[in-house]
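Given chain E, put chain D in place with the hints provided.
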Amino acid sequence: MSIDLDHAPPDISAKTASAPSPSPALVAVVPASARRRSVPRWTRRTAGPLLLLGLWQLASSLGWLPVDTLAPPSTIASAAADLIEDGTLPGAMAVSLQRVAIGLVIGGTAGTALALLSGLSRLGEDLIDASVQMLRTVPWVGLIPLFIIWMGIGEAPKVALIALGTAFHLYLNVYAGIRGVDEQLMKAGGALGLGRWSLVRHVVLPGALPGFMTGLRYSLATAWLALVFGESINADAGIGFLMNQAREFFRTDVIVVCLVVYAFLGLTADLVVRTLERLLLQWRPTFTGQ
Amino acid sequence: MATDLHGAVAATTAVRVAGLTRSFGGRAVIDSLDLTLRAGEFTVLLGRSGCGKSTLLRILAGLDREIEGEVLVPERRAVAFQAPRLMPWKRVWRNVLLGLPGRPDRERAEQALAEVGLEHRTDAWPKTLSGGEAQRASLARALVREPDLLLLDEPFGALDALTRIKAQQLVAQLWQRRGCAVLLVTHDVDEAVLLADRVLVMDEGRISYDTHIPLDRPREVGDPGFAALRTRLLAELGVV
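As they're listed, the protein sequences go chains E and D. When the letters of the first sequence are read in order and numbered with our numbering, they come out as residues 1 to 290. When the letters of the second sequence are read in order and numbered with our numbering, they come out as residues 1 to 240.
Just chain E, with the same shape it has in the complex (with noise of 0.2 Å):
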């Protein structure tokens, strides 16, 4: 047997024979989990938070911040526990919850309704989507006038505030979810003998359903936001009213007070939205982050 020279494989032996080269450095891949750390998740996304709470209070007791300026943690849980405990907190929590609430299901239902009838025909597209898009660009906070001259100063104008603001999110983010259904998916329900409404329950609905998510979760936002401005108009009940009443008496630690009840809801509400994300959306296929 021979072997033709300029085919062979280069003649290595001498080199290694000689001088063997070093081997390269080894580096062991770590497994997933053994990079996790160990703290569980809620404890790690409640530390900040308390840490910013931390450095208020410090900056409270050295004296940096004046009390009548902002009131010290402290001082504000004690607010908090008296506002409980003579039940003006609880009432008024309930007042403005229940007009969130109202103007949330009115708004909401609206707005989605609206995307479905533009969303799923051309006809409602041309009908809607135009005079939609004008009404979203008008600053709704401008309305509030015009709200009180038609409704009064009860309930309604309140109501529809947060009707109003929550409206345009869900219209958009909807219409956006049904438009952007997979083609393909369409094609094959079509092909599984599926009529025009069982596409619409099987294929488009579904498929709109991240987009209802994050238009939810705006609306949430705009709702407690629409709150806030609807109840700082001749409001006699509710989280506002009693922000204005401390307004009146220089009271920082009930306005204080009145925030952290704000700030409390919509983590409220945005948890709600998640836990709905997690049972609603465990289908998709998509990047949860590391």
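Keep in mind the hints are simulated off the structure, nothing from the lab. It should be emphasised that the depicted structure is a prediction, and the values quoted were computed from it without experimental measurement. Any given hint could turn out to be false.
Stated by the list, open to error - Using 27 Å as the maximum straight-line C-alpha spacing, the simulated DSS-like pairs for lysine-lysine come out as follows:
#1 LYS90(D) x LYS187(E)
#2 LYS166(D) x LYS90(D)
#3 LYS166(D) x LYS127(D)
#4 LYS127(D) x LYS90(D)
#5 LYS127(D) x LYS187(E)
Claimed, not checked - If we take Cβ atoms under 10 Å as the criterion, some of the chain E residues that face chain D in the derived model are:
#6 HIS202
#7 TRP283
#8 PRO285
Think of the CB as a built atom: it goes at the ideal place given N, C-alpha and C, for glycine as much as any other residue.
Same frame as chain E, now just chain D:
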């Protein structure tokens, strides 16, 4: 006359196409095509990309109705596409039952999934399936409809070589068990000779070559008859 024709051919014919034309922007992708597929026969439609083979399959599936000419197809027909196209928001068994009339129970989905060897993935989300599993789920979704005509649009195109062999064997088994007419669209000549009773070659919107595969089953790629047919078909496709 139409009913007459249907009655006369119904016993042995699964598909009857006469003078079919489909144009896209004035250009005829399918050009006055005539075609008859026999019931229970496995037909493979070969052709280069853009020859109109997938368009023909979509027309037979009823997904494309912008046509001229006569197309007769069975009431019960099912399609499996190159991508599995499972609804990501439905678990596998719900995907299988999607579109079935009435309120089919889960058991029917489980039977169809068992037939393709996926009984252990009944409750899974589509995102957790491998490529081969998703394609098998898509097949189960087609089979649960008990079709008289099964349309397969390059169903193995996106699978890796090993999974493809398994999937081809599975389709052959399912066809032999079910006895329905199958129209498989592909550009893989080996696949055609391996599976088909009859091979059609499509070119420029017409059937340019039509042959029966006389080889016994199961077929071997190494068989001399296999190689001869393969060479002939490649020539018809203008490759050799």
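Verification of the supplied hints:
1. Taking the CA atoms of LYS90(D) and LYS187(E), the gap is near 16 Å; set against the 27 Å cutoff, the hint holds.
2. The hinted pair formed by LYS166(D) and LYS90(D) meets the criterion: a straight-line CA distance of about 26 Å does not exceed 27 Å.
3. The hinted pair formed by LYS166(D) and LYS127(D) meets the criterion: a straight-line CA distance of about 21 Å does not exceed 27 Å.
4. Simply put, LYS127(D) and LYS90(D) have alpha-carbon atoms about 10 Å apart, close enough for the 27 Å limit, and the pair holds.
5. The suggested pairing of LYS127(D) with LYS187(E) holds, with an alpha-carbon distance near 19 Å, which does not exceed 27 Å.
6. Contact between HIS202(E) and chain D, as hinted, is supported at the beta carbon level, the nearest pair being about 6 Å apart and thus within 10 Å.
7. Among the interface hints, the one on TRP283(E) holds; its C-beta lies about 5 Å from the nearest C-beta in chain D, closer than the 10 Å criterion.
8. Hint status for PRO285(E): holds, given a least beta-carbon distance of 4 Å to chain D, under 10 Å.
Hint violations for this structure: none, all hints satisfied.
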